[in-house]
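A.B. asks: Could you put the whole structure together from the sequences, leaning on the hints where they help?
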Amino acid sequence: MSAPVKASDILDELRRVFRDGLSVDPIEPITPGTRFFADLGLASIDAVVLGEELQKHYGRKLPFNEMLADLGAREERDLTIGELVDFLHKNL
Amino acid sequence: MSRRGRPLDIAIVGMGCRFPGAADLFAFWANILANRDQTREVPADRWPIDIFHDPDSTANDRVAGRRGGYLDAPVPFDPSEHGIMPLAVAGGEPEQFLVLDAARAALADADLDPDRLDGLRVDVVVGRGNYFNRGNLTRLQHGRIVAQTAGLLAALHPEWTPNELDLLREDLKSSLPPFEAATIPGQLTSATSGRLADRLNLTGASLVVDAASASSLAALDLGCRSLREGRADLALVGGVYIEADVDFPMVFSRLGALSKTGAARSFSADADGLVSGEGVGVVVLKRLRDAEEAGDRIYAVVKGVGLASDGRAKGLATPSARGHALAMRRALRAARVRPESVKLIEGHGLGVPASDRAELRALNAVYPRQKRSPRVLGAVASQIGHAMPAAGMAGLIKTALSLHHRIFPPTLHAERPQKMVAEGGFELLSTPRPWIHDNLDIPRRAAVNAFGFAGVNAHAVLEEYAESADGITPGAMLDWDTEAFLLAADDRLALADRVRELRERLRERIGDQVRLKDLAFTLNTEREPADGRVRLGLVAGSLDELIGRLEAVEPLLRDASRRSIRDARGLYFWDEPAGRDGENTLAFLFPGEGSQYPGMLADLCFHFPELRTEIEKADRIARETADDPPASRCLFAKSHDASKALWVADTAVTAVLASQWGMFQILGRLGLRPDAVVGHSSGELPALAAAGALTAAGALATEGSLEQALGRLAAVFRRLEAAGRIPRAALIAVGAGRGRVESAIRAIGGSSVVAIDNCPRQVVLAGPVGEAETIAAALKTEGVLCESLPFDRAYHTPAFEAVMEQLNAFYDGLEFHRPNCRIYSCSSSELMPSDPAAIRRLAASQWTRPVAFRETIEAMHRDGFRVFVDVGARGNLSGYVDDILRNKPAFAVAAHLPRRSGTSQLNHLVASLFAQGIRIDPTYLYARRRPSRINLNAKPTTAKPAVGLALGFPEMRLSEGTLAQLRSRSRGEAVGHPSPSDLPQNGDGDAEVSEADAVMLDHLRTMNDCLKTQGEVLAAFLSANGTGAAPDETIAAFPAPGPWAGEIRDGEPGRWVATEYYLDALADPVAAQHTLGGRRVSTLHPDRLGLPVLPFFTMVEMAAQVASLIVPPGLPIASLEDARAHKWVEFEPGALLSMTGERDPDDPLVVRVALRQRNQDETIEDRLVFEAVVRFAQQQDDLGPPRPLTLSEPGPSRFTAARLYDEQWLFHGPAMRPLTEIGAVGPEGISGTLEVQPLAPLVVDGSEGSFLTDVVTLDGFTQLLGCWGLDMLQGGDVVFPLHMSRLEIQGARPVVGAPIDCRIHVSDVERHRIRVSAELVRPDGRVWMRITDWEDWRFHWPARYRDVFRAPDAIFVGEPLRFEGAAPGDAAAVWLAPPADMARPVWRNVLERVQLAPDELAEHLSLGGSDVQRAHRLWERIAAKEAARRIWMSRDESASFPADLIVMYNAEGFGFVQDLDRSHQRTPMTVAVAHAEGAVVALAAAGPDARPGVAIAPISDHSHEAIKLARMLAAQMATAKSRAVGLDAVETIDVDSQTGAAVVRVMGHPVISVQTGRRNDHVWALTLGMEV
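Sequence lines, in order, name chains A and B.
Under the working numbering, the first sequence has 90 at position 90, and the numbering climbs by one with no breaks.
Under the working numbering, the second sequence has 461 at position 369, and the numbering climbs by one with no breaks.
Just so you know, not all the hints are guaranteed correct.
[Unchecked claim] SDA-like, lysine to any residue: derived pairs with alpha carbons at most 25 Å apart:
1. 980/B x 19/A
2. 736/B x 70/A
3. 56/A x 876/B
4. 61/A x 1540/B
5. 736/B x 763/B
6. 56/A x 593/B
7. 90/A x 875/B
8. 90/A x 1224/B
9. 90/A x 1540/B
10. 61/A x 852/B
11. 980/B x 70/A
12. 435/B x 559/B
13. 6/A x 705/B
14. 980/B x 90/A
15. 61/A x 879/B
16. 980/B x 21/A
17. 56/A x 832/B
18. 980/B x 22/A
19. 56/A x 879/B
20. 6/A x 1307/B
21. 90/A x 872/B
22. 6/A x 1337/B
23. 6/A x 1157/B
24. 6/A x 593/B
25. 1031/B x 593/B
26. 90/A x 852/B
Calculated from the structure, these hints are not laboratory results.
C.D. replies: Put into structure tokens, the structure is as follows:
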């Protein structure tokens, strides 16, 4: 088993992916409370890109499928970065 | 013009009002649309809740409910503005002033100058009741009540002299509003209308009408009659009610009609009564003919009013459906309107079940059931309460605005309507809905109900003013949720300067209540945005937010390396935008089927009739062709029905494409002209129309419209559908590129195809049902996301060839023209030819060919198109474009998105396109919102102190002086003290507990007093706020909050502030530095820490930062006083601190701060956790030389600083370890050295500059004090802060690394408290900080409870129990009885953290239960683990962290303790646990087959016999558990009281050996189930 990944490192990595992979660099820092769609202005296709980037970075498959399917089920709702960190924390 | 009706129709041309939560018409309407609950607890000035409220009493002077809709205080009223004497206002009836105020607002709304009505024939009719109004009550109080009170007191106090009774009377009277000659006219009822006629010099009739709750509509009837009969040319009609006293709540309680739950659930199945309401409204009426001639704005037309009495009915208090229906029929007859045509009813809707039923019976009798769609019913009473005589005015104004804005308004608590609602074909809405109207021959119509006590009924029928339907007549929806702001300059630096200048101007004006839309209008329609080359677009929802964005963007603009600034919350700037105006870069995208969702665009319809009109056309076509359901119903019906219809009905697609067409109209009015268009699938039809290439031929009213063409297409599909001829396919959206999907198809040799290629990461797969799903399943196993689409027509596949004959016929029926801009085809992936015949061919052929959206967009980009606008409602096409053109110069934006309001996304569109350099004219955004230009260079106005109009009960009070004088005369009067009986008391218990509790009680009592005082101070402050001195003019805005001040939520600069700080353990660096339970918890998860808790001095710093927001900037803190921690504050998900700072009313440099803990789910009440008073100074006092620390018996400490940290005597993280040396220690105190540490590691990305104290150094003081405790205290050596009387600071913070001498003087040591003072001394020997009267709480725990947090792997908190007959390596027993403190939430939480594995903790928490249950479950797990650990220890002698072990239970109740660390290779232990009253016994035994059994039983009788009996019973219970049999199958044969050995027989045989024992008040029994 590899060393556990720290939540704060995941958050930093997400910030990097948002900046470099999705060209999202908001003036207010991305925090666990930041919302994927409402605050970062991303579209659902960007979630797929994010998934690709993270799988590339961590070098392993992540169950994004289920998470994205779940997200698709909640049409008008949103995903917080904190939830994303939790998801990664659980699956890394 | 027959439908303009009779010349005697009456127009509503102006309206003004004030209702609960709304100071004007616009706020009232906004509240209605947002469906806000505007009721609240009865305010103190009306009636005291504690005296009158009792939900269970049937007494006639008690009230069952405590909520109502009350006007917001203060109600500003400046007598001088109206030319009224202040005395008249003080002693007069407040209702007349409310009416005067509302009438002026209504006249202004009608664009009539209230001072120029002289000589006009103007009638004034006001509906109001002659109730216990304030004026009446004032007279009553002055006369009878004063006399009665004095009489009663004289009887009780015969010792009082006549002079003293006179004094009493005079004193009581002087506390009342005046009643004298000058105030009398204002106290009489008729003044309500008379005052208005007098002040505005009106000479028509002026009168007051009382028809109870029907008063307002009765007044409307009189006003309309006067105009129709030509007796007046203008009528001011109003209604008013203030609930000054408790009398109506008493009346309604008596009748059982007042809601106990405090919510008026109009027409609801669970309604339980009405709630009181208040308000005032005035409408300005003219004859319709006159209003049209004058060009007035006409909100609505009054067609007829019907009045009726019940006649002889069941009783005056019983509502009569017959009487209601009579009024309705009369109104409809007077209006000459057929009931079928009325689509909206504003009900009386009290929420009293009987009256709602009567109203529904009447409505069902008069209004026939609708065939096509339900009729909307609602009641504003659900939102503001029942405003009695003003209720009809609230309903009338609401209905007039509904007609004007063409909106069906929502009703609160509408989730479970009464059965009769649906039976009658009515519908209650919980969100507003566009009023889509499908019949041009009949205007929209609505009706209003108002029924009065004693059987008087009124009904008014209203009609829209049809001419205003599609125009730009300004309405009452002035404010949007956000506004766009467009700034431009010639270069970047000039733009940055412009940003700064604007920000500074706005800061000055922040108190002026600048309306955001006026600011946007002013800025965006100046020359500058159009001319400037470098452009910045912003979106903000408030002035604060705008200022914040401007502040954030300025430094980025000045940073030339930043090539673009883009923040989805509302900032758009590109150094080199992709778009260029006038160079063919702008393209519009039209999505097809699949872009719809229920409720889409509804809110934009409210603001843009051009959008609503297109949907209306679709409805009209559906109606003319008898299609069902109508298009609008698919979009806007209740979401469940709508979402179904949206996917199955062909009219739904018509509605989707028609609404795109409507959106295209809006974009056009913003000056956007596409250089190219492209349609995705069926979206090609609106794309062709947008390019001017398509019109439909036809002869109907909607001739030539796109909707006409769409209607025909829907008909084609419907016919094919009916004939069962539509080719079918499974359609699956796949999150992968075309290549990948095609190879998956090839892999199984399938016939499926990629029907739609959206972008590199999404295509749509179409194929035979089984096969397509097989392919999708294969893709899913590779981690590709697949989603079946909710429709199954085989569009864009060769299979569709089968129906092309019909489709070709449809295209042949359309007229094609040469387009006026470029059209791209997703079928050919290139530019369409401009020849109409070729367009027709290509357009038809797309139905059988794949949609190559990706290639088409790539082609457009090659041709120079850079900016793409998705005209649909979902924004999926703009998302695809982002993916297709990722990392290329391009920009895509959606006109509408599901997750944003329509207005907000439109603002984002405007701001971003502007920043892209696209020519755009935002004027249209303001056209209907009464824009007015602001002079930004004007000086800020100094706000006049608002004079509040007193509305409540004129209560009598005795002055302090009189009270004292009369009291002193009455001998033997006992002075009552509040009893502390409401505080938690412990019954009996041992001496230690009661002593501790006594001290704790004392502490709580102090806190209670303190809370009370704080409440009083706050109340006094707030009341001073309303009427007191003008705010400090030097402070115009809040400064930027420090990193720990939280986000500002509310406040008034210079006066008070409320902020919120999220306690987010993940994001807050403090969390990891301060963890109760230490930092060594687990080997498996080395980064697991104890429980993160806010340090005391962090809260001190928070208080300081909050306080600094409301004092002049830059001042240092002189001192911080009376800092008190009420509770440990844990970092936990969803928790936040709400912090308030209030300036001392007498001293602008003193701020009282309170921190309250809140949970976002709001089910947990706010809890005061910390408070302090912060004193700022122009200059700090010199603190003088330090006090020498003299110790009588100085000695070295047992510790060094390094040991304290390394051995976890302190639990602080690396950033909070300032202690470097421990000096001498003695009973009188301790000294030590602290090194100043950097503070930056404690904030996310803040600088140290904003800190006002030094949290780390100050925490070092508490650490040194902790060391003193460990050295000097015998027991009770765990100490935590409670209170600090004073912290003084002198001078700047020394540099990082400076050594600080810390000297602690211990002044008092009690069993549960220590008190100390301390000084922190600079290297130069001067005092930097002084702490006076610091108080710590001492925890008296057995030492192992302290040490278990230092080394949970090595320390056991339980004690071993003697267990004969088993080797230590085979079994171990543990007794655990933690001190009561450990069950208190904070320590329990710490233990949970430290003792439980993560999954175990989650399971433990999910079980919930009371605090006691939770503690017991925890004790059981701790004891079980310790028993197992003891066996392992005796076997392999290696330690384990309890958090690396897990206890699992099987169905028989046996636990298994497993070591999660596999490297230990330990066999699980079987364990049995029993508990009683906080004591736990656990027995572990090796191997999964072991059958341990335990029991514990409390004993109260300590006699030899009783104990023996208890042992026998315990032995029986333990054996029953071990053998998993019932208690009756076990029999204890004997127990040896000396050794505790017992023998037990099971089912007659075998005989089992059991060990029993006694500890204080319990006996226990242990067995492994072994036979003797």
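A.B. asks: Now tell me, hint by hint, if it's right for this structure.
C.D. replies: Hint check results:
Proximity of residue 980/B to residue 19/A is assessed by CA-CA distance (about 16 Å); at most 25 Å being required, the pair is judged to hold. The straight-line distance between the Cα atoms of residue 736/B and residue 70/A is roughly 21 Å, inside the 25 Å bound, and the hint therefore holds. For the suggested pair residue 56/A and residue 876/B, the alpha carbons sit about 15 Å apart, so the restraint of at most 25 Å is met. A distance of roughly 31 Å separates the Cα atoms of residue 61/A and residue 1540/B; the hinted pair therefore is violated under the 25 Å criterion.
In summary, the hint linking residue 736/B to residue 763/B is not supported, as the alpha carbons are separated by about 36 Å, beyond the 25 Å threshold. Annotation: proposed proximity of residue 56/A to residue 593/B is violated, straight-line Cα distance about 46 Å (limit 25 Å). Distance restraint check for residue 90/A and residue 875/B: the Cα-Cα separation of roughly 18 Å lies within the 25 Å cut-off, and the hinted pair is therefore satisfied. Between residue 90/A and residue 1224/B, the direct Cα distance comes to roughly 18 Å. Compliance with the 25 Å bound is thereby established for this hinted pair.
Of the pairs offered as hints, the one joining residue 90/A and residue 1540/B holds, with about 22 Å between alpha carbons and a cut-off of 25 Å not exceeded. A hinted pair counts as satisfied when its Cα atoms are at most 25 Å apart, and residue 61/A with residue 852/B qualifies at roughly 20 Å. The suggested pairing of residue 980/B with residue 70/A is violated, with an alpha-carbon distance near 31 Å, which exceeds 25 Å. For the hint linking residue 435/B to residue 559/B, the alpha-carbon distance of about 19 Å falls within 25 Å, and the restraint holds.
Only pairs whose Cα atoms come within 25 Å are accepted, and residue 6/A paired with residue 705/B is rejected, the gap being roughly 55 Å. Between residue 980/B and residue 90/A, the direct Cα distance comes to roughly 35 Å. Violation of the 25 Å bound is thereby established for this hinted pair. Note on residue 61/A and residue 879/B: the hinted pairing holds, with a Cα-Cα distance of about 20 Å set against a maximum of 25 Å. A distance of roughly 13 Å separates the Cα atoms of residue 980/B and residue 21/A; the hinted pair therefore holds under the 25 Å criterion.
The hinted pair formed by residue 56/A and residue 832/B meets the criterion: a straight-line CA distance of about 18 Å does not exceed 25 Å. The straight-line distance between the Cα atoms of residue 980/B and residue 22/A is roughly 12 Å, inside the 25 Å bound, and the hint therefore holds. Our distance criterion of 25 Å between C-alpha atoms is met by residue 56/A and residue 879/B, whose separation comes to about 24 Å. For the suggested pair residue 6/A and residue 1307/B, the alpha carbons sit about 18 Å apart, so the restraint of at most 25 Å is met.
Taking the CA atoms of residue 90/A and residue 872/B, the gap is near 21 Å; set against the 25 Å cutoff, the hint holds. Between residue 6/A and residue 1337/B the CA atoms are separated by roughly 19 Å; this keeps the pair inside 25 Å, and the hint holds. The hinted pair formed by residue 6/A and residue 1157/B meets the criterion: a straight-line CA distance of about 13 Å does not exceed 25 Å. Taking the CA atoms of residue 6/A and residue 593/B, the gap is near 44 Å; set against the 25 Å cutoff, the hint is violated.
A threshold of 25 Å between alpha carbons decides the hint, and for residue 1031/B with residue 593/B the separation of about 15 Å falls inside it, so the pair holds. A distance of roughly 29 Å separates the Cα atoms of residue 90/A and residue 852/B; the hinted pair therefore is violated under the 25 Å criterion.
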